[in-house]
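**Student:** The lines below spell out each chain.
Number of protein chains: 8
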Amino acid sequence: MKPKERELRRFLEDIRDGRASIEEGLRFLEDLPSKDLGFAVLDSHRELRHDCPETLYCAGKTLDQVRDIARSMLERHANLLATRASPEAYEAVRSVCPEARYHPLARTVTVIREAMEKTATYVAIVTAGTSDLPVAEEAAVTADILGNRVEKVFDVGVAGIHRLVDRLPLLREARVIIAVAGMEGALPSVIGGLLGKPVIAVPTSVGYGASFGGVAALLAMLNSCAPGIAVVNIDNGYGAACVASLINHLS
Amino acid sequence: MKPKERELRRFLEDIRDGRASIEEGLRFLEDLPSKDLGFAVLDSHRELRHDCPETLYCAGKTLDQVRDIARSMLERHANLLATRASPEAYEAVRSVCPEARYHPLARTVTVIREAMEKTATYVAIVTAGTSDLPVAEEAAVTADILGNRVEKVFDVGVAGIHRLVDRLPLLREARVIIAVAGMEGALPSVIGGLLGKPVIAVPTSVGYGASFGGVAALLAMLNSCAPGIAVVNIDNGYGAACVASLINHLS
Amino acid sequence: MKPKERELRRFLEDIRDGRASIEEGLRFLEDLPSKDLGFAVLDSHRELRHDCPETLYCAGKTLDQVRDIARSMLERHANLLATRASPEAYEAVRSVCPEARYHPLARTVTVIREAMEKTATYVAIVTAGTSDLPVAEEAAVTADILGNRVEKVFDVGVAGIHRLVDRLPLLREARVIIAVAGMEGALPSVIGGLLGKPVIAVPTSVGYGASFGGVAALLAMLNSCAPGIAVVNIDNGYGAACVASLINHLS
Amino acid sequence: MKPKERELRRFLEDIRDGRASIEEGLRFLEDLPSKDLGFAVLDSHRELRHDCPETLYCAGKTLDQVRDIARSMLERHANLLATRASPEAYEAVRSVCPEARYHPLARTVTVIREAMEKTATYVAIVTAGTSDLPVAEEAAVTADILGNRVEKVFDVGVAGIHRLVDRLPLLREARVIIAVAGMEGALPSVIGGLLGKPVIAVPTSVGYGASFGGVAALLAMLNSCAPGIAVVNIDNGYGAACVASLINHLS
Amino acid sequence: MKPKERELRRFLEDIRDGRASIEEGLRFLEDLPSKDLGFAVLDSHRELRHDCPETLYCAGKTLDQVRDIARSMLERHANLLATRASPEAYEAVRSVCPEARYHPLARTVTVIREAMEKTATYVAIVTAGTSDLPVAEEAAVTADILGNRVEKVFDVGVAGIHRLVDRLPLLREARVIIAVAGMEGALPSVIGGLLGKPVIAVPTSVGYGASFGGVAALLAMLNSCAPGIAVVNIDNGYGAACVASLINHLS
Amino acid sequence: MKPKERELRRFLEDIRDGRASIEEGLRFLEDLPSKDLGFAVLDSHRELRHDCPETLYCAGKTLDQVRDIARSMLERHANLLATRASPEAYEAVRSVCPEARYHPLARTVTVIREAMEKTATYVAIVTAGTSDLPVAEEAAVTADILGNRVEKVFDVGVAGIHRLVDRLPLLREARVIIAVAGMEGALPSVIGGLLGKPVIAVPTSVGYGASFGGVAALLAMLNSCAPGIAVVNIDNGYGAACVASLINHLS
Amino acid sequence: MKPKERELRRFLEDIRDGRASIEEGLRFLEDLPSKDLGFAVLDSHRELRHDCPETLYCAGKTLDQVRDIARSMLERHANLLATRASPEAYEAVRSVCPEARYHPLARTVTVIREAMEKTATYVAIVTAGTSDLPVAEEAAVTADILGNRVEKVFDVGVAGIHRLVDRLPLLREARVIIAVAGMEGALPSVIGGLLGKPVIAVPTSVGYGASFGGVAALLAMLNSCAPGIAVVNIDNGYGAACVASLINHLS
Amino acid sequence: MKPKERELRRFLEDIRDGRASIEEGLRFLEDLPSKDLGFAVLDSHRELRHDCPETLYCAGKTLDQVRDIARSMLERHANLLATRASPEAYEAVRSVCPEARYHPLARTVTVIREAMEKTATYVAIVTAGTSDLPVAEEAAVTADILGNRVEKVFDVGVAGIHRLVDRLPLLREARVIIAVAGMEGALPSVIGGLLGKPVIAVPTSVGYGASFGGVAALLAMLNSCAPGIAVVNIDNGYGAACVASLINHLS
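Protein chains in written order, with this note's numbering: chain A, 1 to 251; chain B, 252 to 502; chain C, 503 to 753; chain D, 754 to 1004; chain E, 1005 to 1255; chain F, 1256 to 1506; chain G, 1507 to 1757; chain H, 1758 to 2008.
What the hints contain is simulated information worked out from the structure, not anything from laboratory work. Since the model is a prediction, treat every value here as computed from it, not as a measurement. A few of these clues could be false.
[Claimed, not checked] Between beta-carbon pairs, the in silico distance windows are:
1. D/Ala873 <-> A/Arg149: 43 to 49 angstroms
2. G/Pro1610 <-> D/Glu852: 31 to 37 angstroms
3. F/Pro1342 <-> A/Thr130: 39 to 45 angstroms
4. H/Glu1845 <-> A/Glu75: 56 to 62 angstroms
5. B/Thr313 <-> G/Arg1619: 51 to 57 angstroms
6. B/Ser337 <-> A/Arg149: 27 to 33 angstroms
7. F/Pro1342 <-> C/Arg578: 54 to 60 angstroms
8. D/Ser774 <-> H/Leu1783: 19 to 25 angstroms
9. D/Lys905 <-> H/Glu1845: 55 to 61 angstroms
10. D/Glu766 <-> G/Lys1658: 41 to 47 angstroms
11. F/Glu1354 <-> C/Glu616: 48 to 54 angstroms
12. A/Pro104 <-> C/Arg578: 42 to 48 angstroms
13. E/Glu1155 <-> G/Arg1619: 33 to 39 angstroms
We put the beta carbon where it would ideally sit given N, CA and C, even for glycine.
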C-alpha cells in the first residue's frame, strides 16, 4: 500500500467515523492542489531523479545569485553541478561549500558529497579537434557526476579518418556515443555510418566566417545521411550528457 | 454553491452516512484523473470558453479529416469556426452540417447555431491595403463568432496617411485595434503613435522580394517605436481576433 | 452642436459682424496648424497620456544626452522612466533630479514625483527562469509607474510544470498576464492553454547556441498553438508593460 | 574462435604447409581491400544490421529508379522500407514485389517477408496535433519494421495539457519517447520535464508564417530547458525511429 | 501673396460682405478635410502627381478586384499602369478600357489616354543578362508612362566587361541610371565606379542555390564600394523607375 | 586639339617620317595599357570628381595606415573626408595635417583647404530619433564637404507624426531627402507618401532584439509601399550623402 | 606572329609608306574602342576560350529566347552547351540544330560539331548518393564538352565509408576531383583528408527540413577542416566543371 | 618492388619456412590496424604532404596549448605554420623555437628550418581594398611556406576598374589566382570574366551593416556569373592558399 493511498484511506475513515466533518473534508479536498492525486501524477518521476545532482547554469547570473542558488541547492541535494562557470563563479560556490571542485577546461564546478554508483557500461565521448575539448569535457564531467563510466576518444576528425579507424574498437563497445564537432560537423555521420550505436551529436561553435557560431555544424548533423543520430544544441555538452546518461542507465 | 462542490459534498456525505464504502471512496478518488480537483484546476477555465466555438484549422488536413473532426466538434459544441478552408473543405463541413456558411475572402467556414451575445464595445480592424483583406476578414469573422462587435477601416496604409487621419474618430472609440499590414508593416506604429489603445498587429505575407513572405512586416511591428503594440504570427488573423476578443470581453 | 463647430461659427460671425478684421481672420486660419481641425484630430489623444511618465531609452546615448534629455523631460512631466540605464546613466539622471531611484536588476531609473493612482485589477508577470528576471523586472517597474497593481510569479518554467500549476489561482485572477521566457519559450503556450486571459509574451535573449539571442523563443511564441497570445520584441519588458497597462486600464 | 580468425589461421597454415605459394599469399593479402582485416574493422558492424530492412528514400527519384533500387535491395534483403513514397512510387515497388504494402498517411511502403522479433519494451510516439500524424506514422511504421513494440499517444499538445497528463502512465512505462510537434514545438520540453526518459524530438513543418517550415519548432526543441532531449531533422520521423530503435534494442 | 492665401482672403471677404452665409462658411470649413489647411499640408503634393498614372499592383488580387479597381481608377485618371499583370489580368483591364495595352515581357498593362510630356534628359536602364529583361522592361514601361525619355543598354554583365565599356558614352549622358542585375549583382558597383551619376540598383531574383531569390544580389548592391548607389527591392523595376523619374524630373 | 590627340599625331608622324621604326611603333602601341585611348574612356569621368574630397574609411585600419593614407591623399587632393574615425584616428590625421577638424558625433574627420561651392538647392536630412543622430551627422558632414547646402529635421519619428507634419514645409522645398531611421524604419514610407521628392532611406542599427542590428529597418525601407524611395546600407550616412549629392548637383 | 600584331604592323607600315595619311591613322586609333589595343588587353584571353562551347542557361528563358539565342550562338561557335534545359528547351534547340543531343538526367543539351581534343589527365566526379546524380551528370557533360577525360565514382557517401575507400586508387590518379553531395555535405572533407588533390565541392539541394535547399551542405563544405577544398554554388555542376577544366588543362 | 610488398613477402616466407609460428602470424595480422594494407591505402598520400609544414590554428586555444602543440609538431616536422596567431601566441611558439618568425599583418607565425623548393609558376594574390590585406597576407605567407612563388596585386577593387586593367598582364601569367574581397565581393567575377584562369575567391569580413561579416561577399562570389571561380570560407586566406598551392604544384 503506497503512502498516498494510506493517507487517503485515513481521510475517508475520518469522515466515515465522524472524526472529521463534511466541511473539514471539503477543505481537505480543496487543499489537494499541493498534495493531491493529480499532482502525484505530475510529481512522482522526480523521485527517480532524487540522486541526481541539481544543476546550476551560471551564465547570465550574478555571483551573488550563483552563491545563493548553490547554497539553497546544497541544502536539499548532496551533489551539485554548475556549468558555464567562470573561476569567479567557482569561488562563489566554494564560499558556501569548500569541497567544491573546479574543472577549468570544462568550465564546470562539481560538488560530490555522495557519489552515484557508476554504470558498468560506458558513454564514449569523441571529438573532432582540440578546440572541441571544452564542450567534450563539459559532457564528460556531467556524465561522470550522473554516474556513468566515461571513455574519451579525442581529436579524430574526418580530415584524418585513419585516426578514427584506429579507435573503432573502443567505440564499438560503448553503449552510447557523444560525438562533438565544430566546423563542418561531419564526425557523427562517419561514426553513425560505421557503428550501430545511438549517437548524440553536439555541434560546437568552433570555426569562423560561414560557420556562424556552430550553425554549419548543427545543420550538418541534423542532415546526416547516417541513421542513429540525434542532435543537441550548439556547445551543449551538458545536454548531450543528460541524454546519454538516461540511455546508459536504461536497464 | 458550485456544482463541483455539490458533487464533492454529496460524496463525503455518502461516506459519512455509510452509503459508500471506504473502498468505493478510494476508487472515486483514484478516478479523479478524469474529473478530479486537480484537473478542476487545470480545466475550469475551459468552461469560460464553453460558449466559444470549437476551431478547426483546415490546412494540411485531408477532406475526410476535416469532415470527421467537424462532425465530432459539432456534437459537443453549438458553433464551429473552420479557418484556412478551401471551398472543398467547406463542402466537407457542409456535408455534416447544412447550415455551415462559407466566407470566401476570409477562407473560413462558420456554423452558428447559438450565436454569442455581442459586446457593446467594438474591435476595430484596420488594413493598409487591398491585398491585406483576406487576413483582415479572417480576423473579422473570428471576432464576430466570438461575440464581438466589429468595425472595419480598410485601405488606410501609411503611404497615404490622410486616409488614415480621416478615420481616426472611429478608431478612437474602439476598445482594441487589430492593425493588418504587409510590405513595410508601418501601419501599427502610426496608429500606436496616434491612439492610446492596445493594438494587435498582424503582419501579412503581402509583398515580394525582400519582404520574405511577411518577415519584413513582422520585424517592423516587433520593433515599433510606438508603445502599446503586440504582434501575432504572419497572416494570423484568427490569432489576432482571439487576443482582441479576450481584451474586448474584459469586464 | 460640437464645441469645435461652435468655435468656428463664432469665428465666422466675428468676421461677418466686423468684430474681427480680415487680417485677424487670416491669422486665425494660419494658426490652424497648431489647433486646427485636422491637427486636433492628430493631437488630442496625447492628453490621455498626459499623466504618463516620459520614457527615456538610454542605450546608445551618451551620458550628456541622457542628462540633458532627462532634465528637459522633467521640466514638462512629473514622472520619468529611463530604461536600459547603466549605473552611470542613473548618476546622470540623479545629477538633475536627486529623487531619482535606481532599480539595478531592471536596469531602470524612475522619478515619481506624482504617483499615478493604482488600478484595482492587476497585471501578473510570470517568468520561466532566474535569468529572465531582468526583463521581468523592467516590465514590473514599467507597469508600476504606469499605475498598475503588479503580481509576480517567478521561476515556473515548463520543465517543472507542477510549480506553474501551484500558482494558477493567482494567475487566474489577473486581468492580463505578461509571460517572460527565453530558451524554447514555451511558457506562454502553456499559460494560454490553461487560462482564458490575454497573454503578452516576452521572449528573452537567455540561452546560447541555436537560441540566437532570443529568436528561438520569439518564434515559439509567435507560433503558439494556444489562443490569446500576442508577442513583443525580444527582451522588451518595457513594451510588454505598456500593452498590458493599456489593457489593464480599459474601463 | 571467430570466423575471421579461422579463415586467417587456415590461410597461414596453407602457407606454412606449402598448400599455397608465396605469390598466392601476396595475392590473398592484396585482395584484402574487399575482405581484409582493416575493412573487417570498417565493415563488421553492418552484420548487426543484417536483419534490418534496407531503406529507400523515394523523394527526388524517378519511378524507374525507385523500381530498380527496390528490386536490387530485395535481392539482398528480406525486408524493405521505402519512405516519402507517393502512391505511384508504391506501384513501382509493387511491380517488383507484390507483397509490398502501402501506408498512405505515413507515405511509406513496407515489404516484410521475414518480420523481426519484437522487443518486450516499447517506443512511445507522442504528437501535439492532428497535423503531425504523417510524421508520427512514418516513425511508427519505421519503428515497427525495425522490430520495436510501439505505443501511440496522439493529439496531446501543450495548449491542452490535461490531455497529456491523462496519458502520463503509458508514457512513463516506455523505454524511449518520440515526441512529434510543429508550431511552437513545446511538447518535448513538457514531456522531458515530467518524465526521466530519453526523448527524441521531431519538429514538423506544420504551421505557417514565422514557423518557417518547422524551423521554429526545431529551435524550440534544441533550446529546451528540460534535460534528456535530443533532436532530429524537421519531419524526420524515419530518423527518430532509427535512434529510438537503437536505444530500445540496447541490452 | 500665395494662391492659397488669396483663396482664404476671398472666403473671409465673402463672409464679411454677406456674399456667403455663416452656414456656407461652416460647410466650407467642414469641407476642409479634403482641401483644408491641415490637409493642404498633407495633400498638396499629390497635385504634382495629378498627371501621374494611378498604379495597380495586380499580384494577389482576383480578376474581379483588378477589373473593379481599374475601372474606378480610370474614372479619376487619364492614365493607368498595372504591374505584375498576367494576360488574364490584362483582359480584365481591357474589359473596362479597350485602349489598354499589354507588355508581355514587362508583365504590365498601360492605359495612356493623355500622354505626359517627355523629358529632354533620359533615364538609362542597364541589365547584366537576358534573364533580367522582365524587370528592366517593367522599369522601362514605368519610366515611359511617367514621362521620361528612356535609353536601354542590355546584357552588359561584369563577366564580359568589354561590352559595358563599349556602351559607356551612352551611359555617361544619362541623367540617372537604373542598373538591373541578378546573381552576384556586381553591375551597379562597376558602373558607379566608372560614372559620376546617381545609380538606382535593382537586384533581380535571377539565379539559383545560394542566390536566395535575389538576396545575394541585393546584399552586393547594398555593400557596393562605389559611391552613388541606392537600392530598391528585389525585382522592383517599378520602384526603381519611380525614383529615377523623380530625379529625372528635378528642375 | 586635346593632348592625347597631339601625342598620337606626333607618334604617327614619327612613323611616317622614319623617326621611329616599325618595331618602335609596335612597342609604343604595346605600351598603351598605361596611357592608351581605351583607358581614356575608362578614366575620363574621374576628372568630374576632381574637386571631390578623397574619402578614407578608417574602420579596420591601423593608426599608421590611417596616417599614411591620409598623407598620400592630401598630396593629391585639397580636401579629405575620413569616416568611422575614432578620436585616435583623428589624431593620426592631424599629425600630418594640422587643419583637420573632428566631428565627434559623426565620427568623421574633415580637411577642407579649398571648400567646394555650395549648391543653391538643399539636401534635407531627417531622423526618426535621437539615437539616429550619428548616422545623420555623418550624412550631413559628407553632404557639406561635397558642396551641398544641408537642412536638418531631427527627431520626427512616426510614433509622433504631428512633429513630422509641422516640418513638412521645410521638407517640401528640399531637392532630395535623406531619411534616417532605426527600429521599424517607417519614416521614409511616411515621407514618401507625403512628398513627391526622391528619398534616400538610411536604416540604422538602433534597436535591439529582433531589430537585428538594423535589418528590420532595412527590410521595411526596401518594402516601402510609397514610391520614390531608394535605400543604402545600414548606418551608411556617407553613402546616402553621396547619392543625394549627385542628385542635388544635377543641372 | 599573332593576328593582332600582324594587323598593327600592317597599319604602321601603311603610315610609314604613305599608304595611309596621318588623319586616317588618327581615325584608325580613335576607332580602337571597338577593336583597339586596350580591348586587346581586355579581350585576348577569350581566344583561349575560342574552342570552348558557348553556354546557354535555359532556366527562366522562354522557348523562343532559347531557340533564338541558340541559333545565334551556333552561327559563331561550333559547339553549344545548354544547361537547365527541359525537354521542351531541347526541342527548341533541335529545331535550329538537328544534331543537338539531350542528356535527360543532366538536363543539358549539347551540340558538338567539332569535338575538343581530350586531356590525358582526368577529372574525377564523385557523388555521395543517387539523388546527387543530376548535378554530377551536369558536371560530367560540361567537363566532357570542355575537352576533359572524365571518371565517375558514384554513391560513396560518408555513411558507408568503405565504399569510398574501395575507390581511392581511381581518385588518387585524378588531376582534380569534383565532389558532389547534399544533406550534411561531408564527402569533400573526407576526400580532402584522404587525398592531396584539389577538390571542387558542389553542394546539392538534396535533402529536406533543415537542409534548406542545400545550404546545410554548402556551409559544411565552406567549413571543411580538410585543406584543398573550394566550393561552388548549390547544384552548380556546370560551374564546378568549368573550374575543374581550367585546372585540368593547366600545362 | 615496393617496401610494403617486400615486408609482406618476408612475413610469408617466415611462415612458410617455419621462422614464425602460426600464432606469431596471427598476431602480425592482428597488428595490421597500425601498419596494414588497408591503412596503407588510407595513409599513403600523407607522404606526399611530408614536406608540408604542420599547421596550427591558434584561435580558441590557450597559450599553453599553442606552445605544447607547436613543440610536438616541431619534433616531427621541419616547418610550422601557425595562423590566427596573436603576438602572445607568437611568443608561446618562440619559447619552444627561437627561429620562429611573426607576420603581424597576416597574424601568422612561421618556422622554416628546411624551406620547400619554390615553384617556377606563381600564384597571384589580388585584393580589392586595403582592409583585405590581412587575409591576403595570410594567403601569401601560407602559399610561400607551401613552396609557391607568389605575386601580389593589391587594391584593385571594381569601383576603380582601371587599376585592375593596368595589372592584367601580371595576372595573365599566373597559374592560379587568389582574389580577396569584402563588401560586395565583385572582384573575382570581373577577374574571372577577363582571364581564363582558375580563380580561388576569398570573401572577407570587411564591411558593415548588411555585409553581415562577409556573407554578402560570400554570396556574391558563389553566384558569380563568370566561369572558373570557386570559393573558400570567409577570411580563409589559409584555405585559399592550400587549394591554390595544390593547383600550382600540379605537374
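**Student:** Against each hint, give a clear statement of whether it holds in the structure.
**Tutor:** Cross-check of the supplied hints:
| no. | hint | verdict |
| --- | --- | --- |
| 1 | D/Ala873 <-> A/Arg149: 43 to 49 angstroms | violated (26 angstroms) |
| 2 | G/Pro1610 <-> D/Glu852: 31 to 37 angstroms | holds (32 angstroms) |
| 3 | F/Pro1342 <-> A/Thr130: 39 to 45 angstroms | holds (40 angstroms) |
| 4 | H/Glu1845 <-> A/Glu75: 56 to 62 angstroms | violated (43 angstroms) |
| 5 | B/Thr313 <-> G/Arg1619: 51 to 57 angstroms | holds (54 angstroms) |
| 6 | B/Ser337 <-> A/Arg149: 27 to 33 angstroms | violated (57 angstroms) |
| 7 | F/Pro1342 <-> C/Arg578: 54 to 60 angstroms | violated (35 angstroms) |
| 8 | D/Ser774 <-> H/Leu1783: 19 to 25 angstroms | holds (20 angstroms) |
| 9 | D/Lys905 <-> H/Glu1845: 55 to 61 angstroms | holds (59 angstroms) |
| 10 | D/Glu766 <-> G/Lys1658: 41 to 47 angstroms | holds (42 angstroms) |
| 11 | F/Glu1354 <-> C/Glu616: 48 to 54 angstroms | holds (53 angstroms) |
| 12 | A/Pro104 <-> C/Arg578: 42 to 48 angstroms | violated (55 angstroms) |
| 13 | E/Glu1155 <-> G/Arg1619: 33 to 39 angstroms | holds (38 angstroms) |
Checked against the numbered hints above, the structure violates hints 1, 4, 6, 7, 12; every other hint is satisfied.
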